[in-house]
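Residue numbers (my numbering), protein chains in the order written: chain U, 1 to 110; chain W, 1 to 115.
Just so you know, the hints here were simulated from the structure itself, not pulled from any lab data.
Please note that a few of the clues may not be correct.
Unchecked claim - With a cut-off of at most 35 Å between alpha-carbon atoms, the simulated DSBU-like pairs for lysine-lysine come out as follows:
1) W/Lys57 x U/Lys97
2) U/Lys70 x W/Lys57
3) W/Lys15 x U/Lys97
4) U/Lys97 x W/Lys11
5) W/Lys17 x U/Lys97
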Amino acid sequence: TQLLEQSPQFLSIQEGENLTVYCNSSSVFSSLQWYRQEPGEGPVLLVTVVTGGEVKKLKRLTFQFGDARKDSSLHITAAQPGDTGLYLCAAGSNDYKLSFGAGTTVTVRA
Amino acid sequence: GAGVSQSPSNKVTEKGKDVELRCDPISGHTALYWYRQSLGQGLEFLIYFQGNSAPDKSGLPSDRFSAERTGGSVSTLTIQRTQQEDSAVYLCASSITSVGAYEQYFGPGTRLTVT
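The task is simple: from the sequences and hints, build the whole structure.
As structure tokens, then:
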């Protein structure tokens, strides 16, 4: 099982501002996923990255996988209240298990 | 199509009682996972089913926890003699493949409160 550290734990910003959350480990991942979870709901997959250095964009969200496949970041441009939620990163190894970070709680104030 | 469903959505039980939590995965998904999420924490892996293979129970926290999956579809997580520390949200996820743990789809969870 890989240990994932997410930072910051909490983030509160004003609508229109940018934000970045980080996911780090000392281990190499075969894949990394980002999920968003809203209160009372299960996590919803946002993106999967598998290649070192990979960058994926999903509208205002940009996901980056580190060259060494040990870290990842999620950047949100011009955040909106609808972006509020718990952002979780999850790492896959060569088996079927995902190891989840503790999450970053993002609050976007209108 | 229908997503992963879980029932009940909320369960309040007294310490010492047994509870059963149900998960209906997405049709055609061969892999099924149970996780536990405590307040402010990430997801803790509990158990994994893949097809007709023996389940991976390595994440179950004690022998009070058990799970089964009937006919390769519906799964039930049973907690016997519940304790207050069992209070958490129990999440089920399914996946079309177990390779690389790709693309897990989660249900809304069951919030368990043990009083």
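(request) Go through the numbered hints given earlier and state which of them the structure violates, listing their numbers in rising order. (result) Going through the list in order, the structure violates no hint and respects every one.
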